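Visitor: Residue numbers (our numbering), protein chains in the order written: chain A, 1 to 320; chain B, 1 to 320; chain C, 1 to 320; chain D, 1 to 320; chain E, 1 to 320; chain F, 1 to 320.
Please note that a few of the clues may not be correct.
A pair counts as met if it fits within one copy or between any two copies, since identical chains are not told apart.
[Stated by the list, open to error] DSS-like mimics (lysine-lysine), calculated; alpha carbons at most 30 Å apart, straight line:
no.	residue 1	residue 2
1	LYS102	LYS214
2	LYS3	LYS214
3	LYS312	LYS160
4	LYS98	LYS214
5	LYS3	LYS102
6	LYS312	LYS98
7	LYS160	LYS2
8	LYS160	LYS102
9	LYS160	LYS140
10	LYS98	LYS11
11	LYS160	LYS214
12	LYS229	LYS140
13	LYS214	LYS229
14	LYS98	LYS2
15	LYS11	LYS102
16	LYS98	LYS160
17	LYS11	LYS229
18	LYS214	LYS11
19	LYS11	LYS160
20	LYS140	LYS11
21	LYS2	LYS214
Quick caveat, the hints were computed from the structure, so don't treat them as lab data. None of the values given here were measured: they were computed from a predicted structure.
Protein chains: 6
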Amino acid sequence: MKKYAPIDALKSPRFCGLTSFMRLPHLRTTTDVDAAIIGIPFDTATTFRVGSRFAPGEVRNMSRLLRPFNPAQGIEIFEHCSAVDYGDVDVVPGYIEKTYMKIVETMQPVFSAGVIPIAVGGDHSITLGELRAASGRYEKLALIQFDSHCDVWDDYFGEKYNHGTPFRRASEEGLVAPESSIQLGIRGPLYSAMDLDAARALGFEVIPEREMAKLSIADVVSRIRERVKDRPTFLTFDIDFVDPAYAPGTGTPEVGGPSSREALEIVRGLAGLNLVGFDLVEVIPQYDSGQITSLLAANILYEFLSLVAKNKESHNRDQR
Amino acid sequence: MKKYAPIDALKSPRFCGLTSFMRLPHLRTTTDVDAAIIGIPFDTATTFRVGSRFAPGEVRNMSRLLRPFNPAQGIEIFEHCSAVDYGDVDVVPGYIEKTYMKIVETMQPVFSAGVIPIAVGGDHSITLGELRAASGRYEKLALIQFDSHCDVWDDYFGEKYNHGTPFRRASEEGLVAPESSIQLGIRGPLYSAMDLDAARALGFEVIPEREMAKLSIADVVSRIRERVKDRPTFLTFDIDFVDPAYAPGTGTPEVGGPSSREALEIVRGLAGLNLVGFDLVEVIPQYDSGQITSLLAANILYEFLSLVAKNKESHNRDQR
Amino acid sequence: MKKYAPIDALKSPRFCGLTSFMRLPHLRTTTDVDAAIIGIPFDTATTFRVGSRFAPGEVRNMSRLLRPFNPAQGIEIFEHCSAVDYGDVDVVPGYIEKTYMKIVETMQPVFSAGVIPIAVGGDHSITLGELRAASGRYEKLALIQFDSHCDVWDDYFGEKYNHGTPFRRASEEGLVAPESSIQLGIRGPLYSAMDLDAARALGFEVIPEREMAKLSIADVVSRIRERVKDRPTFLTFDIDFVDPAYAPGTGTPEVGGPSSREALEIVRGLAGLNLVGFDLVEVIPQYDSGQITSLLAANILYEFLSLVAKNKESHNRDQR
Amino acid sequence: MKKYAPIDALKSPRFCGLTSFMRLPHLRTTTDVDAAIIGIPFDTATTFRVGSRFAPGEVRNMSRLLRPFNPAQGIEIFEHCSAVDYGDVDVVPGYIEKTYMKIVETMQPVFSAGVIPIAVGGDHSITLGELRAASGRYEKLALIQFDSHCDVWDDYFGEKYNHGTPFRRASEEGLVAPESSIQLGIRGPLYSAMDLDAARALGFEVIPEREMAKLSIADVVSRIRERVKDRPTFLTFDIDFVDPAYAPGTGTPEVGGPSSREALEIVRGLAGLNLVGFDLVEVIPQYDSGQITSLLAANILYEFLSLVAKNKESHNRDQR
Amino acid sequence: MKKYAPIDALKSPRFCGLTSFMRLPHLRTTTDVDAAIIGIPFDTATTFRVGSRFAPGEVRNMSRLLRPFNPAQGIEIFEHCSAVDYGDVDVVPGYIEKTYMKIVETMQPVFSAGVIPIAVGGDHSITLGELRAASGRYEKLALIQFDSHCDVWDDYFGEKYNHGTPFRRASEEGLVAPESSIQLGIRGPLYSAMDLDAARALGFEVIPEREMAKLSIADVVSRIRERVKDRPTFLTFDIDFVDPAYAPGTGTPEVGGPSSREALEIVRGLAGLNLVGFDLVEVIPQYDSGQITSLLAANILYEFLSLVAKNKESHNRDQR
Amino acid sequence: MKKYAPIDALKSPRFCGLTSFMRLPHLRTTTDVDAAIIGIPFDTATTFRVGSRFAPGEVRNMSRLLRPFNPAQGIEIFEHCSAVDYGDVDVVPGYIEKTYMKIVETMQPVFSAGVIPIAVGGDHSITLGELRAASGRYEKLALIQFDSHCDVWDDYFGEKYNHGTPFRRASEEGLVAPESSIQLGIRGPLYSAMDLDAARALGFEVIPEREMAKLSIADVVSRIRERVKDRPTFLTFDIDFVDPAYAPGTGTPEVGGPSSREALEIVRGLAGLNLVGFDLVEVIPQYDSGQITSLLAANILYEFLSLVAKNKESHNRDQR
């Protein structure tokens, strides 16, 4: 099997050439592909700051700094995982439900081919589209949600679809299994005392940031692993999970969050779970400073790719 | 009759207090009001850069530098024109048609009361909502459009409503009279040779920027005045009419445009026309530098207010 | 009794309308009011970077992200606390002592009415004005000062009043009781070895940042509570208390400080103290990045408001 | 013959997908290609501000706003001109002469195949590399240089190659014919009175900006046309030709220059000349504001492409 | 006589070393000196944006791009004019009148020694201090004021000294001769119809921007020359004279102004006048974009220096 | 012996005057000098973001906030250590090896005179030049390297000298003793599994960030002290050692690093080591936000100066 891997940065400087994720081949194929980076530049569903449509481009820009060996995981990613930059979903700016159709249209074949999509938004509304696309192949997925907000509102201004409601919708549509799902990092002012309970009432486990701050990384990882077990799992990471000092470029930042070091370590702890899809959302480059948010986002996607590679490596080892 | 006017800046520094337009009273009333500044922070309908939802706030910020006497027009504005900051339309982010309903709901009473609305967007899609609101009181309006784009596309990605289509829609809905309407400043690359003709085919007069550059300010003013005559007229000003050096903070800038001095002089030349509504659209503060775009926008709104005052002054003089 | 509370953000998007703190009613009244947000946009007294005159506006902007229920304190703020945005003090830019008179003139009636003022500066010189305003109602106040600098210089360039001297002046004028007062977070290079001793010589307890870093949050809170006991207390928070990574937008930043998470937790620990006034100073929006300093400042003001609400709640419970 | 043309922006929003110039196919081929956009991200040779290595990427970003019909020239570009984004030269950062070899290696096949390269730098040193690449196919080229500096220094700090010396070197190496060459827009302080004479002494015609300001666009165009006649010509455009208000993002800006409108009109006037190569240099995105410099640069490249299309159109018409 | 001149930029790159104006010797001497650059980093007297205390530093930064030969004037500056960077006046931030004393203390010896000071502010209030310093040597000076505001207010918030009042004060104190003085570029909204008349009532000639726009550069120059004749003259240049597109980094920008090209040409036209002092005020680097305002300011100071050199050259020629 | 010390900031505001480091005398002398701050504005050797040539200037700017007493070390720096700002090395932009010669030429006399240089880069390539300059006086130095990258690549694009290779070169040239040297903070993606081993294979001790995160500050300090013992030691600090939230303004940032508080504490722990030279590299002001990176850099240089003072103090005490 062919292996797709990045251009060699020791021959072509990293600032040269067109910008795909990690300088991977830009190909819309599922053949010989384990993981596909997909941009979903949709930000119509945001309720405050807007502009994540430019995030896939900026994250690709900063991903040029990434290199193929991940020492934290001890893995040569592209020896175990063939990956491509699949390009972007052609969203319909201004139209949420039309865009959901486009997401499904683009990503269903990816899921169906057993390729693991690693999407970069866009606002958090896109995850509903992705989960719909996954539903052709997977029954109710477990969900691991890194976020400072639960995103289980019923509606905003009388409308059902926006970046504050996707996980209620996903639950209603039977796309996720709340009883195997977990939200972590939740914090910040709420509309009412019932807000925290809303996610729990739907069946999600919630670890608020103040509780998480008292746990060790290992404990947080255990809580997640115990929750999702070996169920097919979708990991969604809202960049506002981390503190605004580490990720200023986002739409509804909440102060008092974890550092990027903590975030990365938790993600690294998830190797071995049955992860079938990933996304990273809510980066807004216009509010970034020194491109640190886009750089962090690129690194998180990189850890996702490493998790895929780790799973492939262990799978291949088992088969030998 | 009561006259609403700004706070005295010689007593309260201009950086003090909450920020209404020119520090006018913030009142949602049409009683004893000649002109009402209204924000329409809607940017869902944009096809490239996004973020004009924050423009009304930023334009209000820079409007604090404005003072009540306009020497270019020789008028003490608030001696002739009572004005309020009417606040914003409660738009529905992510939903264009719902937002049109909100615009109509908010602005129809303004038009009906004979108050002249001076709106600040938001993207150019909002003008369609405003024209619908005006239609209760006025038959087909003449339109004066300062813009680098005609905005008469039929659709984008299969959708009828966005910031590239409002004037085709307005024409189709019978809200404007193309035969009395004029677009000026049009420039930049097009999708095809037919694009320029499209506006003309609908009946609009079009003065492309390259033609305008050869005319004197007086000639441009004459062309406009001859076109709209004494018909009730709506003036819509897309900030991308001016060159990006003067207005970097916008969504689809086109290089090679007029200076702000030229723009202001043309607007000043329109005193005496039967102007019944105004808007200023497409300011995106996130892309501004040194707040010059918001400052220019505030000055253009100021000239609109001055035109209202000039008309009131001449009307009152006639009555005496 | 009437309760003033914010506009409902589920009906009017948070980016709509004029910007008062948390979208509270903008009213200059003390009737039926428990707490009043007051801007003091004065920055004449700064010795390095300048521009905090624009902080009240920017903090109000970011305060639109706040919601009425504080989960960290478990309180529906506006069920227990009626609050208004009182607007700004009309300062006299360029004139420190005249401005002190304006602060006293505006805030004395607030203190006298038993309303708790929550001020947002402005540079740290303003606190002297506030303490003078408080002195009509309260004898020597206890002071809790979050800051990286002691601000007890005798003079600068031969002048007694600027943002480095307010707490020596307050002590000399008998406005505060150093023996019940505490400064925490002090760090950074000093002019001489005597500088740290200066605050202690005046009677203040000082917890330098390096000492604080070795204490738990609970220990820091205990130290504060033991110091001020049940004395009427003024809490002043200089945003440079936190590390510049969390608050770049300030005038004399000191590296190596606490995170915003640590800062918020300490503030939250002060519920039940007899807090009669608050301020938050030294935010300079021009040096901010991604508006994170203004957002943090808004959150700190929010915790102040929550402390007032907690006290009211417990007071009301006791009365029942 | 196959025609390469951009993706249809009415189907795929302009912010979607990977970013090639104008969303042209990214292909390293000369077959069926009339013009090739080539990035040369080299900035080692700069003497003040640095960072134009990131210009090709940013110019590609802003080129997404361009559309295929150029109304100023009345041409559907891609009906007459097949164009590709050829990618970047793999430069060697830190090594000027090695990079010249890389430029020659990449571009000589392009010139040899009769494809017209349209390069985007990089600093002005790259033009020497391009002219060397051209010399395989063309004898001494005429040169049209838009610039605020003559760039004919002999050396800097004892070194022969940097962005202030390329045209002296080109002249010495016999790559250009000074007697058919012209520099326009020259202005700003000089090291000595001999500097202006230096270019003239080498045989170049020089139109300083102050002289140019007194000429009409038509006169400037005539001066250029008379100078280069029908000789094979290379057009090099240093973005600092225009005033810093229009192009702040550059390395050695000179105040008091022409507007972008003037610049574009002069370029448009050059249709019909025997233009065999183009470049646009010295854009530094880090110093840009509102991306206006990158947008202007993209538009200038667009006018170059239009000139190629005009020439092809007239050539094809003649052949019919 | 010794001649002070800049470091040779062909030996030491312009970004090397500490930053004096044009890399002139930093010396506080009047011996063998014709002109002295002096920073006056005072911004306490501003009524809106603040921060010009950092302007002398930033203008020095951008002055590193200047070179010793001025082709527009045809002069090798330092062959005729010995110049130093005299450093800054040690202002007293927060205290206007104390600062006036410091300005007088520092600059009186400069004027007395017959050295021509070229000051860089700071806000416009500083000019009053400079004129007081000059009064020891010169009787009522003629004043040439480039500005968008007349700055002849009587008071602000009850205070006599700030950046809106210096020329009324100068007139009252007999420091300038209004009958030989001229203000040009005045524009923008005013507090009342009497504002424009106020300067004229004091005896100043005023050329508003709208009148100036109709005159040729030569006509403007003639108007100035006729007004000041051979009287000892102080030239004060408020950077807000030019349009905000050319100078965004200022405190009270007014749209619709001249370009930097127009401004430079008028200044260049003043050679031969009896110019005994200069200043350039109101640059605020925090609001600049791409450092273009500081660069323009540096160039204007450069033209002032060139005027001194021209006068010296013609004086020396006459003596031979 | 004469003692050079900063200007008194209580007499001259810190924003006044030309900007030397900490406002120390700007003198190129080694007489009566213990430590010399030296700028090396060279950035030609960078492989991604570029622009550290402007770092010495910006770090000097922010160093104005530093004061002479370091409470963390309990030392009045300038009572024990006479220091000057030595100015910058006149580098040759674009030419690495020529610049090495310039560094040696400038710094060898400093080392030879027993003055301790504290350099501020520039990119990390400069350290090789400094170590060459030191070799005249010191045999193989111990090296303490704070960095997120090992910088022991063999070559890039076939070239031996750039900012990724200096410590392999230094080792090959016998300038450092790897067996007494230590690198700490290493993290981030690598090109291959062998990369971490490469530094160890050369003999360096390496503490990767993930290992360091598990150690206390005291343990890290011990590891360093045990490694270098009393050998003459060079301390090199790449600002990308700290997390990008604390230092966004750098060229190849790596997320997940230590805070500035941790970094400062480790540096403070090194008092008493035989430190003979220091540098701080890779600050790029163009990517900074709120100048926090330059401020942190200035503080690190300040801690270096404090270490020199501590050593002098203890040396003098011993001699008494």
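Visitor: Evaluate each hint against the coordinates.
Guide: We went through each hint and held it up to the structure:
Within a single copy, LYS102 and LYS214 get their C-alpha atoms no closer than 42 Å, and across copies no closer than 46 Å, so neither meets the 30 Å cut-off. Proximity of LYS3 to LYS214 under the C-alpha cut-off of 30 Å is found in neither arrangement, the shortest distances being 43 Å within a copy and 36 Å between copies. Taking the shortest Cα distances, LYS312 and LYS160 never come within 30 Å of each other, neither inside one copy (38 Å) nor across copies (37 Å). In this homomeric assembly, LYS98 and LYS214 never come within 30 Å of each other (Cα to Cα): the closest approach is 43 Å inside a single copy and 45 Å across copies.
In this assembly of identical chains, the alpha carbons of LYS3 and LYS102 lie at most 30 Å apart whether taken from the same copy (28 Å) or from different copies (29 Å). Taking CA atoms no more than 30 Å apart as the test, LYS312 paired with LYS98 passes in neither setting, with 35 Å inside one copy and 41 Å between copies. Neither within a single protomer nor between protomers do LYS160 and LYS2 lie at most 30 Å apart by alpha-carbon distance, with minima of 44 Å and 34 Å respectively. When the C-alpha separation of LYS160 and LYS102 is checked against a cutoff of 30 Å, the pair qualifies both within a copy, at 18 Å, and between copies, at 18 Å.
For the identical chains of this complex, LYS160 and LYS140 are intra-copy neighbours only, at 21 Å inside a copy versus 36 Å across copies, given an alpha-carbon limit of 30 Å. Only between protomers do LYS98 and LYS11 lie at most 30 Å apart by alpha-carbon distance; the minimum there is 13 Å, versus 43 Å within a single protomer. For the homomeric pair LYS160 and LYS214, neither the shortest alpha-carbon distance inside one copy (35 Å) nor that between copies (46 Å) is at most 30 Å. With identical chains, the CA atoms of LYS229 and LYS140 are at most 30 Å apart within one copy only, with a shortest distance of 14 Å there and 55 Å across copies.
Proximity of LYS214 to LYS229 under the C-alpha cut-off of 30 Å is found in both arrangements, the shortest distances being 23 Å within a copy and 28 Å between copies. For a Cα distance limit of 30 Å, the shortest separation of LYS98 from LYS2 qualifies neither inside one copy, at 35 Å, nor across copies, at 34 Å. In this homomeric assembly, LYS11 and LYS102 come within 30 Å of each other (Cα to Cα) only across copies, at 12 Å, whereas the closest approach inside a single copy is 38 Å. When the C-alpha separation of LYS98 and LYS160 is checked against a cutoff of 30 Å, the pair qualifies both within a copy, at 14 Å, and between copies, at 13 Å.
In the homo-oligomer, the alpha carbons of LYS11 and LYS229 never lie at most 30 Å apart, since the shortest distance is 43 Å inside one protomer and 40 Å across protomers. In this homomeric assembly, LYS214 and LYS11 never come within 30 Å of each other (Cα to Cα): the closest approach is 46 Å inside a single copy and 36 Å across copies. When the C-alpha separation of LYS11 and LYS160 is checked against a cutoff of 30 Å, the pair qualifies only between copies, where the shortest distance is 14 Å, while the shortest distance within a copy is 50 Å. Proximity of LYS140 and LYS11 under a CA criterion of 30 Å is satisfied in neither setting, with 45 Å inside one chain copy and 33 Å between copies.
For a Cα distance limit of 30 Å, the shortest separation of LYS2 from LYS214 qualifies neither inside one copy, at 46 Å, nor across copies, at 40 Å.
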